[in-house]
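*Asks:* Chains as they are written, first to last, in my numbering: chain A, 526 to 1202; chain B, 11 to 173.
Since the hints were derived computationally from the structure, they do not count as laboratory data. Keep in mind it's a predicted model, so treat the numbers as computed, not measured. Heads up, the beta-carbon is just placed ideally off N, CA and C, and yes, glycines get one too. A few of these clues could be false.
Claimed, not checked - So the derived list for chain B, only partly shown, Cβ under 7 Å to chain A, looks like this:
| hint | residue |
| --- | --- |
| 1 | Pro56 |
| 2 | Pro58 |
| 3 | Pro63 |
| 4 | Leu64 |
| 5 | Phe68 |
| 6 | Ile72 |
| 7 | Ser74 |
| 8 | Ile79 |
| 9 | Ala111 |
| 10 | Lys122 |
| 11 | Val166 |
| 12 | Ile170 |
| 13 | Lys171 |
Unchecked claim - Cross-link-like lysine-lysine pairs, in silico, DSS-like; alpha carbons within 25 Å at most:
| hint | chain 1 | residue 1 | chain 2 | residue 2 |
| --- | --- | --- | --- | --- |
| 14 | A | Lys976 | A | Lys1083 |
| 15 | B | Lys168 | A | Lys1039 |
| 16 | B | Lys31 | A | Lys855 |
| 17 | B | Lys123 | A | Lys862 |
| 18 | A | Lys1039 | B | Lys31 |
| 19 | A | Lys1098 | A | Lys1007 |
| 20 | A | Lys675 | A | Lys702 |
| 21 | A | Lys862 | B | Lys60 |
| 22 | B | Lys60 | A | Lys1039 |
| 23 | B | Lys60 | A | Lys934 |
| 24 | A | Lys768 | A | Lys921 |
| 25 | B | Lys90 | B | Lys39 |
| 26 | B | Lys60 | A | Lys861 |
| 27 | A | Lys1068 | B | Lys171 |
| 28 | B | Lys31 | A | Lys871 |
| 29 | A | Lys937 | B | Lys60 |
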Amino acid sequence: MVEEKYLDIFKDEASSHLSTLERCVLDIESKGISPELIKEGMRSAHTIKGSARLLGLEEIGKIAHRIEDIFKELDSGKPLSTEIINEILKGIDSIKKLISGEKKEVEVEEKPKEEIKKTFEVLRIPRDKVESIIDYATELFIQKIKLKGKIETYEVIKKELREEIAEYLKGFLPEEKIKPITEKVSSVFYEITEDFKNTYEEISSIVEGIHQTSLFMRFIPFSEVADELRRIARDTAEEGKKKIKFSIRGGETELDKVDLDKIKPALIHLIRNAVDHGIESSDLRGSLNKSEEGLVEVSVEMEGENIKISVRDDGAGINLDKLVERAIEKGLIDRKKAEGLTENEKVALMFEHGISTKEKVTEISGRGVGMDVVKAIMFEMRGDVRVETHKNKGTKISLVFPRTSFTIKGIKVTDNEEAVIPVNDVIKIVRVKKEEVLFRDSDAFIEFNKKPIPVKPLAFLLNFENFSLFDGKDFTYVLILKGGERIFGIKVSDFTSDEEHIIKSPSALLEGMKLIAGITLSKEGLPIIVLNINDLADMFFAKMTPKIAEELKERKKKILLVEDSITTLMIEKNILALAGFDVDTAIHGGEALKMINSKTYDLFVLDIQMPVLDGIELTKIIRSNPLTSKKPVVIVSSITDEKEMRKAKDAGADVYISKRDFDKSGFLRVVKDYLEK
Amino acid sequence: MDIKSEIRHRLFKALGDEDEKYLIIARRKKSFFAVPFEYVREVIPPPPIKLLPLSPPFLKGIISHFGRIVPILEISEFIKIDEPEMRRVMTFLVSDGHYIAGILINEYPEFKKIEDEGEIFPVQTESEENLFLRGFVKEGESLLPILDVPLIFEEVRKRIKRW
């Protein structure tokens, strides 16, 4: 079984290598064999082979291996023939078919994307029903959290009951008879809580899946509107008797349906304008040495927290002089002022109501109605319109607007003021009694997982007035948080179960403000801060006694992972990062060398076949450098040749893992073992 | 200048004679000042202001205005009004087409039409108190400072980054 996220990475990577292979083969066929083309083709085949084997895609691995062998044979002098070229091309086609699912090999945990898309196209669910599903899913999620809380309570009761029974029986029974009774009580409670825990674990992932999926029901890929936009472009072109090539880039970007509905009229205007105003007639394009077909491209991309949708054409560009003439005719400016306008000021005129450069008013455009609507839509969406235009080269108009429906799961806490803490940053919420708090100098600590965890009131950290650890009570609530590598506790007076919060951008004017990850709104519509836990951790430790803060610093083990296959790199990096290691990556030995010279690493994971500097040479350098000579080197390679393995060992590698036999737990065990040595 | 500001600029030019300008006279605490009309979007009663942790003194907090998050600025931190807070407060929503913020005021008694550029006196000394002023305008016997809104926005961004 292949995890879908890795399969997607593999598909991308393999497609790129297959293109390289195809180019190399065709170049070899037309220009003849060259060492560069052989090397390039061999490396691509090798990378596909390694990644495929790592994912257990044996069929693909086998074909890639055969292609690699053919390249090796050519390298050792085998004469080139049409049969050889055909065999490689046939192999490439077979891999393409296997990757696309046309041929079966790939078994994935989830439905392939195409199938999901098909289902989506069939199912059209009214928005209110989606919202209602989200509400139920969120409620289910809250119940899951409550269940977790109950399990924790049973743990506490178990401990307390055992002590209380022992205390109660002290006067009645001798010590040796009390122990078996308390142990029996403990074991009964242990069984109950374990039973609960197992059930909790089982339903937990299901609930999370439902919750996650339901939230993303509001999001649809931009490509969902592609057909509609394509049709508009086609109809506009046909009416204007023009030939166009329409394309969409970044169609997989998912947008909130509400945003997409808002932006669609603006996009339709831009596409119509691009075809009708921008793209020239085929004759004119011919006389300008342009291709007969005009290009109209819609691209969607993320720009920080903004979404940028651009409509680009390779037409005539905006006729700025004509724009100015129209503005003069409409009485918006006089001729004298027009003379002093900058290029940007001229472009800005197109957003005025009633201004158009089109000579003839058509059904499609030319009425000057449209760009002012585009402007109004973007203003409403707190967005911006950017225009780039060049005479006879074309125009690009970009609509840039913030993602309004970015959501996070967060716990709303109160400590004088309200704030939201992202659930992902919360390790646990604990109820702490006064006597469980210990002090070192002025810093308070509680014990968690047998380690002292520093605790401070949230109101104190946020510089709000009136803070205390217990608010006059005998107990308090502490959220154990993880900010980067630092674990700390914040005391809150109250908290709610975790829920989904829609994040709003805190305003561009406040960009760079510490502690604020975003702003959400309460049910009453009031703003609540979503805290940036890394900043909060900085604040926390800065407010501790410096000596104690220093003692608490725990350094993660740092690993340098060097691998030229993106699929393998991602898989290995995820495994290591999830296990708590701090992982840096490099895509070849040369890059790794620079990193080794500037940072300290505890262990190296290297591939063997890599461009610039291979794994064997890199291992030799690591062993010869006094700062790294004692650090473990783990080789993960698809080469199973005894000779190569020996070379790696001789160069100083500590362990050699074959990608064919790769398994996650074995890999982690090796890394951990060597780090402990 | 970004396109949106240019559009706004053009629109104001198109609204009337270029020489015709309006200022809104406002009072913060006991001091009067003027804001060019083109920057004032709305005047709203003060909604509950959410305090921001560790915020600089010029930032009073944020409000949600129809779901949009708007920072609220204390203008006396830019034009030095060292007087006690007054009870009745309202908010000018000001925007340069790119940024939007609220400015706390206590009243805005009148509009002032500027017939001639000569009515605006340029800032003579570059003292700290005059840094964010476009100039002064004569109102009765006294000279009122005119806020330079884009410059204040620029300064807010700079100060927040430094804070």
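*Asks:* Determine for every hint whether it applies to the structure shown.
*Replies:* Verification of the hints:
1. Pro56: Violated. Min distance 13 Å.
2. Pro58: With a minimum Cβ separation of about 6 Å from chain A (threshold 7 Å), the hint on proline 58/B holds.
3. Pro63: Cβ of proline 63/B sits 4 Å from chain A, so the hint holds.
4. Leu64: holds, 6 Å
5. Phe68: At about 11 Å, which exceeds the 7 Å cut-off, the nearest Cβ of chain A leaves the hint on phenylalanine 68/B violated.
6. Ile72: holds, 5 Å
7. Ser74: holds, 5 Å
8. Ile79: holds, 5 Å
9. Ala111: holds, 6 Å
10. Lys122: Not OK, violated: lysine 122/B not within 7 Å of chain A, min 25 Å.
11. Val166: With a minimum Cβ separation of about 6 Å from chain A (threshold 7 Å), the hint on valine 166/B holds.
12. Ile170: With Cβ-Cβ at 6 Å, under 7 Å, it holds.
13. Lys171: holds, 5 Å
14. Lys976/A - Lys1083/A: holds, 23 Å
15. Lys168/B - Lys1039/A: Distance ~14 Å between lysine 168/B and lysine 1039/A Cα, so the pair holds.
16. Lys31/B - Lys855/A: holds, 23 Å
17. Lys123/B - Lys862/A: It holds: about 23 Å lies between the C-alpha atoms, which stays within 25 Å.
18. Lys1039/A - Lys31/B: violated, 39 Å
19. Lys1098/A - Lys1007/A: holds, 21 Å
20. Lys675/A - Lys702/A: Distance of about 31 Å is beyond 25 Å: violated.
21. Lys862/A - Lys60/B: violated, 46 Å
22. Lys60/B - Lys1039/A: Status holds; Cα separation ~16 Å.
23. Lys60/B - Lys934/A: The given pair, whose Cα atoms are some 21 Å apart, holds under the 25 Å limit.
24. Lys768/A - Lys921/A: Status holds; Cα separation ~19 Å.
25. Lys90/B - Lys39/B: Judged against 25 Å, a Cα distance of about 11 Å means the pair holds.
26. Lys60/B - Lys861/A: violated, 50 Å
27. Lys1068/A - Lys171/B: holds, 21 Å
28. Lys31/B - Lys871/A: Distance ~23 Å between lysine 31/B and lysine 871/A Cα, so the pair holds.
29. Lys937/A - Lys60/B: Roughly 15 Å between the alpha carbons, so the hint for lysine 937/A and lysine 60/B holds.
Figure legend: structure checked against the earlier numbered hints; hints not met, in rising order: 1, 5, 10, 18, 20, 21 and 26.
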